[in-house]
Amino acid sequence: MKLKQIILISFSAFMLFLMAGCVKSEFDMPEITPIPYDPNKVITIAELKQIDPLTFPYKYDDDYSLFATVVMDDKSGNIYKSAFIQDATGGINIRLFSAGGLYQGDYIRINLKNTVVSQYQKLWQIDSIDVDKNIEKLATWACTTTIYGEPKPIVEPTLVNINTIKTDAFQSQLIRLDNVQFFETEIGNYFANPNNQFENVNRILMDCDWNTIIVRTSGFANFADKILPSGRGSLIAVVSRYRDDYQLLIRSFNEVTFNEPRCDDDETNIITIQEIKDLFAEGEVNLPPNVIIRAVVVSDREGDNMSSRNAVIMDGSGAGITLRFTATHNFNLGDLIRISAGTLPLELYAGLLQINNIPNGNVNLIGPGTLPQPVETTVAEVIANINVYESTLVTFANATITGGTTFATPGTTHGSLTLSDGTGTITLFTYNWAEFAGSTVPSGPVTITGIVSINNTPQFLIRNLNDIVE
Amino acid sequence: MNRIYLILMFFLGISLISNAQTESFQLRGKVVSSVDGKPVVGANISLQNSTESAQSDNDGVFIIEAKIGDILVIEQTGMTTVEIVVEGIGDIVAELVTAPAILEQTVIDVPTVALSADDIDSDTQSHDISRLLQGSRDIYVSTAGFDFGQARYRIRGYDGENTSILMNGIPVNDMETGRAFYSNWGGLNDATRMSEGYNGIGVLRSTFGSIGGATDISVRASEYGATSRASYSLANRNYRNRVMLTYATGLLDNGWALVVSGSRRWAQEGYVDGTFYDAWGYFLSAEKKFNSEHSLGFVFMGAPSKSGAPGVATQEAYDLAGTNYYNPNWGFQDGEKRNARVGQYHQPLSILSHYWNVNEKTKLTTSVAYSFGRGGRTALNWYDSADPRPDYYRYLPSYYKNNQAMADYYTNLWQNDEAFRQLKWDDYYNANVKNLFSVRDAFGIEGNTVTGNRSKYMVEERRIDHDRYTFTTNLESAIKENIIVSGGASAIIHRGYQFKVVSDLLGGDFWYDVDQFAERDFDDPNMAQVDLNNPNRIVYEGDRFGYDYVANINTYDSYVQSEFFLSKFDFYFGANLSQTTFWRTGKMKNPRFPDNSYGDSEKQNFTNYGLKGGATYKVTGRHYITANAAYMTRAPYFWNSYVAPRVRDHIVPGLASETIYGGDLSYIIRSPKVKSRLTVFMTEFKDQTWSRSFYHEEYRTFVNYTMTGVDKVHMGAELGLEANITSTVSGHIVAGIGDYYYNSRPMVNITRDNDLEVLADERMVYLQNYKIGGMTHTAASAGLRYNSPKYWFIGVSGNYFDDIYIDINPDRRTYEAIEDFVIEDEVWKDVLEQEKLKSNYTFNAFAGKSWRVKRKYFINLNISVNNILNNTGFSIGGFEQLRFDNRDIDRFASKYFYLYGRSYFINLAVRI
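Heads up: the sequence lines are chains A and B, in that order. Everything in the first sequence is counted per the numbering used here, starting at 1 for the first residue and increasing by one. Everything in the second sequence is counted per the numbering used here, starting at 1 for the first residue and increasing by one.
Bear in mind the hints are in silico, worked out from the structure with no lab data behind them.
Chain B regions said to be covered by chain A (calculated; three or more residues, Cβ under 8 Å):
#: 1; region: 275-286
#: 2; region: 331-338
#: 3; region: 380-388
#: 4; region: 429-435
#: 5; region: 517-526
Each residue gets a CB set at the ideal place from its N, CA and C atoms; glycine is no exception.
Here chain B stands alone, though its shape is the one from the complex (with noise of 0.2 Å):
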């Protein structure tokens, strides 16, 4: 089979940005299909470490300011980035190879498995940035995605609020935590491609970023390659199955262009026992571009997916399970496996753009987007009957410390009985129908008493709906040759629907909606209701009950940035200013908090500033030197902002602005046979808030648990190598090393969830230098790649993971937590530690082959394996539980994740 090659052609042309510099000029070039000689239209071709970049055009030829020695890398949807060197003035043809498509083949949809205690009760989705970091140029960030984002690796130890992500210039993070859900466009892998960003500190012309860098999703129709392609996977990973199609016209003779892409990801059980994955998703792209000034594009998108997740549990649950993937959250039904937490999301997102290019140094983008959809996770609920949950404290051998006789028992049925130690769906049908009951006054009618099977069972679906109305408006210029200004506006709308409804009464007649705990906690039984608006409710399936508010987030931002291109040095500066507001709407009137909780709560404004800067040193062609700096300030999250928002509008006592700065300093070296980034880097963020809800065992009842103060530190180093060992040889050394940690001593209030009794007033914990966790601060890969010249490759890495933390329970480091005990005491050390888990490492494997059909087909499989030594003892994070014995730690033990076993992606893909 012949190779294909692409050629392109460089041309001297003019340029975008006129007058060249002594050394620099007008390179000009052509991007050809090898296949048939078509021009590639909308590659993208760039200056490595530069913010230089141009385009191909519908001839497939570009111009671009350059000089001798830097190095032109060129990217198009579905073929592998070129990078050449430039040698000389004269055009220069590059060759654009098929890709073995290296990015599809790991595309890894993470599992939506927790990534701290606060996660575990959420229902938010999955937010791993993994997928989205394979994409990256940078060795180091792109292995990060690659071999370590299995591991929950964290770039910096960032969480995800910390990185920006636009679509098409519009910003998709959730506005209520921060974070973006990759999911929301989960299996439009081949349409969303197109990215350009930065991570850390940097700069991207459509939005002023964060202290964990931002990229810039490219959607816009005329920008994709015309092309038609189909893919099929076969994976053993959440899903078992994905079938990816897209057709791409490419920008048409008559302005036109169009993109379509559909995909469908399924399995009816994944790599973890009784979960599902159920997922579809569509795209639609359209442009039409009127003249050589004004384009508009419209832009469509949704990812409606169902799956069932895994769960957490206990080592020891695990232990007696016999595997670390023991997932509590299934059951069998009727001999059918059912998982009682399944995760629905829809929430598509249309966008409306103007382009304009106004003259040939600036570009002006207005865009209007709206999205809106659901999003939910079903729970058990239930009331006046035994836990259902398998892995319950007390159906655990454990408990029985002191009757050898019942931890026996409990310890065989663990171990042979695998219906036991999951839900018991069949147990809760028949319950329910049994369960004859008779509500007083219901809905509040005197003398209205109902009665029927009232459900002891449930299952309850917790929905985050949205809809959220965003304007961006952004304008790029080159004001001078070596100048180029970049600002922007944008305001985001933003109404969050947090309620839950009933979702299967299990073989009940109804639901009776009352609060279980201020029910047992007070005599009145007015206490005990729901919502004095509409007491006594019975609820049926698709009910709204239990909690309804609204949460409302205002964001109005603007900014603006300079980049300045010199022969030595390349700076940047850039400022925002912002303005959010928030405000909690109830739509329930509790009865303990009867003005705290029913309408508009007051708003909260925050004004937020940030600053930052950047300059390149470039000590030879070859050799740089990177320095960047930020200082910003941001306002609370929503959902940390409020003590209790299901039930009331209390505010967080001390809710303020958080404060981050850092910056790196790096070291670069790109050559055409060794590529390479050393850098170090430190950041502080300041005044932290934060608020769970748990039940705690000292004071026996549900508290709300808010912490604020909180400061963390992340400092460290990144090391990514890459070099070109021979003509078909590679290999890449990365390396990463970081030391995250609290950095102040929090103080924090706990009030009973029930009523304004404050448990504890600005109680001091001391949190300082306990390492932030749930995730692993060292991690190391190398590799090697072979590229056979008959259209093969195949390549192994191995990785190794260190400093892996427990997230911990802030309330056991406080002084009521070992008041009764001296240091001495080995329950002293049991209270305080932190647990590190143990290093490991795993190796992982990928190979491909391509072939051309008929000079216009073609056809790629891929083969991924991770984690070969199917090492399923890695436990890659874990926390502790929030509720806590404190003369008895393990009563309460804390829950670990594990690395999946041996998992693979096998892709097959044709291409016209």
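Next comes chain A alone, as it looks inside the complex (with noise of 0.2 Å):
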């Protein structure tokens, strides 16, 4: 290679590789765009709160601000593009374009344009929030200051109870209940359903004085298959609201500390049906004060034998006794029920023994109860011991009814049917407006099961077709 030659290309390289472009790929910052804020444009949620309903959906169309701190996330996935703020006047939710984005314990301060406020059936919300373009952060949970300096606003959860929480002037707020435990028949289950995870799950709580509220969990959140901790204690909730229910959402499983044993594990008031039927024998014609009651509901609302405001219920001690309310009851066959009985009054009714005029609320649901096995005995021997089988379940067997083809007339006559098992009769009555009044009586001898009653003379009661077996 001559000299000249490699001065020549080299010459050619080094030009041609200046002429080589550049080609740019870093980038620079682009200019951040401040989120709107006018200090004389503030407003609380209890001010927020004074939109007229008859406005909704309402939506800002001004840079107003509002200043909260976030008490719920996402994170548990118990809600879901949603959170739930808190300033100093009360509590709102809110509803995000996208999920994520804030984090409990976030002071920040939300630019309120183009935000839409609404009730969603009674609970309060702000809608199309973009986290991005709307909020500000001004601190987080570990911050005492904010990022401008200023202190930060501490919000803990309110002690209430579930009576205030039912007035409505918690919602949306971080609550801590104590002394409360789930349900006795919800012990065993999960906070939500492991096997559907697009249920979401009520729970019942309940304080010792039986008030309840619904705990609500989502299939999603990381605490969905955890078992209901079965003691009593303190729980930390947001109060949210549908319709007229009211549900506590939980943010984290450690905020349900049930430690304590169950208010009713101690309940030392419990009076048995034979204890108020020797009472009553004694001349007693009140239930002592603070006495509870817990039975099984023997009579059968579906099936109608009996007077709407009456129920039929038998308890671990094998006696039975019916209740009159004060209204109309929805009580069914099977339910286990708790009366807070006490200083009610013990009263005969054609010779029934009663107790009277319950007042609705003071008896609780406490959920499916095991029904006791009619006794199998003869009509001589109810007869012979009417007051110790008087509203209890027994059942005759080879017995025939005779005096009629229906149980009743359906609305014109009650039927008084004669009932032998050949050691004795016994009326067969039936309310004219039973569910099965109108159904024809069997012929031949059947096993018959009912409530033994007394309306002056000893009757009996089948409370639906199922009692007879042919």
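Since each chain comes alone in its own frame, lean on the hints to assemble the complex.
What follows is the structure, given as structure tokens:
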């Protein structure tokens, strides 16, 4: 290679590489748009809730700001695209365009422009919030001052009780309940349904005065597949609302600390039905104060062979009693109920012992109970010991019914048929409004189960057609 | 202007292989440059359809064993290949014509558009073979490179792992995936022009090869003729400008030879919006010939590149954006276009070779190589924020089937607001600078609270770096006058480093390294950790995070081949034996798999072998029949062998070597006027493994999907015909018909990505007879070319493509996908059918002229235009998304690739 050629080539190489263009692939930071703030247009949550519901959905057109603390975020999965915020004047639910970005404890300023206020089934909410464009974060859970150097307001759970929650005074706020527990019949269940993530499940929480409230958990919550704690204790939650149901939303499993024994575990005031009958026999006409009855309903509201304000219950003592409520009740066959029966009157109605004038609010449904096995006996035995067997379930074998083709005349006349098992006879009574009143009476011997009653004379009431087995 | 002709003279002389057969003799010749009469050193001379070869020495002289009727093929870098029929025993003068540089003008650095669903999320480089094919002499193969390459055509439908690529005998296929990444020597066209090899089944003396072929690129300094060359190209494809400079000394009298080459390719924006290209290439090869026996060579080369990727989208997105080249990977940042998927690769290779002519019949070449470097592709990552991808299914009007107002709203935005349908970088910065966040117990230190702006959006770079040591030795010996034996051994120790780093926090102060999905699924915060050994990590730009493991792969291979040359028959046999060992070394201890993530995993060992053979029957001197067959087993590739290698070291259940066997039969005509090859072939692959991770709609979580027992059949026919119609006009007809389909019902295992829970075990995939998708099975081309005696040429070709099937989602072909439907339901068909794309055609044209200046400078100008008619509606492939809703298949519609519209490549080269 000649020197001249080498120089020529090197020069060309140099020139060509110089010509070789640059490619820009590094970028500068773009301009940051601050979120508009007008110090003259700051409102509180209480002021926001002054919006007239007739103007819903209400859209803010101007740069109004609201300062609040995030009391519940979506990290647990119990809520989605949503958060609950609270200031000194109250709480509110906010709905976000996309999930995530707000964290419990964040102190934020929301620019309300273009957001929409309404109520969803009575829950106030601010909708259409873009976390990036509407919200400025001023502090986190760890900060004591905001990024502007001002002190950060502290939000702690407010100690309340179930009844005050139901006044709507704490909607969307962070609360704490002490001495609460899950309903006895919920124990053993999960917070939600581990087999179906799409199911939101309500569990009943109660205090020791039997006030109840719903705890609602989403199937996507990270504690959805945890078993409900069975004891009693404290719970921290946010109050939500759906129509007239108040719902507590739990933020995390470790905010449910139920380590004490349950309220009803030391229930010392329980009185048995046998004890009630004994007291009446001794001449007592009122139940003692503060007593609690726990019994199973053995009458069938659907079969409707009873007054709608009456029910018959039996408990572990084997005895039964008739209840008369002040208003129509809705307890079904097999329900385990709890009655605050203190000082209620004991009366005879046409010879049948009743607890009378029971306010319906005194009775709590605990859940499904276990029906007692009906005693197999004879008509003669029942009649001879009518006060022992009254308001209890018995079964007669080989009984025949005579005196009519149907149980009653529906809508017109009650039916009084004769039931006989060879040892004696007893009136088989059916109200004309009973569900089976117009059904045909079986001929031939049957096995029949029912409630022993008294209407001056002994009576027998079946609950429904399943009580007769041919 | 005078056409410069090189004069080549043949002389009788001593042949390398002694003992002539009855008809053959030693043909002597000389290759000379017609410019100045100087000898052309290092020109490659071979006989067609034979493995005879020779090279011109310092005087341009060569000697080769030939017979009357043989066709001599003479090739040299930068010059056209000349073929001469041997018509007598006297010295032959052949003329090497200055190349119109066809080979360089249509070199396409194929776009990094992904070939299949897995590629779209993978961070691997382009591995399309078309550039390499264009240099082939076989008309079928070179047409496949030129005219079919743009349509992603694959010869015989094979994936890249079926072709072995070597550089000076050093295997350069990637160890983890088996594919060769041509971009590793991108832009170094001048330096990597010389190669030998075969397609399909055949013989290359430096390696056993694979079912698709083998190519060995020679970068040995003494084989380059002395030349200086500079070129500049203008194009409108991936890059718009290219400069290449090459200087080669040729073999000097002092025994030294040196080649240096450099290149630069760049574009601020390529054919597709939002793509940029920024690449360099450097090459150095030096050799010292100590004596006639020993020579030592050293090569060092690399091609650092950085480019923004195009994307792929659903047809709905293309239609709304108004273009089939809509690229969702870029957006405006402060008014400038920024691409989120930037690939940055630099994997230099150094080779030290010892060449030993043991005796006149035997050569032993031994090389050691070290390659290292970085590969990576960026991607957006986001946490607790809206999905930034502009073509996320919820930002498309089709999501609002029941809400016409919303559908119209989105349609209007897509059609009229360009910024809306691209990434919104400014928004990400705005979000990040306001995301005040406090990390509890940062770095695992109790009470260490760190407060700052936590990035909601960031750019991460997924890296695949590596270190690789290679040793090869190979022996070629003519043990008898008509028998050549070759063989060798190689050892490759490969360490692939897979991890990701924080590339750009986009205005935020830090990124908090937790697993978002585990965080959602487990209430124990420990389970959301990425690395129990480094809990609660806060990471900054440059830090590794997310996953970090090493793929250790050691391969030892040995092979032996022998070729026999008889009067009527040539045949060969070959066998190889190899041992592959691989294992995973995890650098992070995953809380969900604490015993199977950190440290070395169990070693997987595979012993594999291969057998091949072939024969050529010479019906006459111009007609040949060739048959080849091969049977081989192959160890599974690392990336298919682990259920979820980023997180744990569990192996795909039932992992086994795959078996490959096949054969082909060809009828070949070689005459001065007509060259033609007609081939039928059939290959079966058995027991392949397929392993992917994706979001599963039914299980509502990320899953690992592994399929074993996948069998495939590739069969078809190839026809290549090239004819010299007149002395100036030539034409070609090329057609390839293929039928590539799945031939088994593989078993699939689906596990939840976050824990060991097996969601489906041994579920059957009814894959049998579905076509292998993502590419065209049938392609044909016809063309004409006019060579003017006044040193210019022009040509056109018409190309037809058909039988293009969409790459299917195996999960849609299971009982579970259709168990709620009956065959009469419309949805049944929607779920099961495999879409076939419309057939299509394109026209390409090329032209060129050359000048000679001052008797020593050659100037060449070449222009090629592809898709002259600007057909922008030609979909060349696509894939079904892995996420699907069986009640509404269009919810996650298939994604398609389109052939570029009219594109050109203009090259101006100066050569001394």
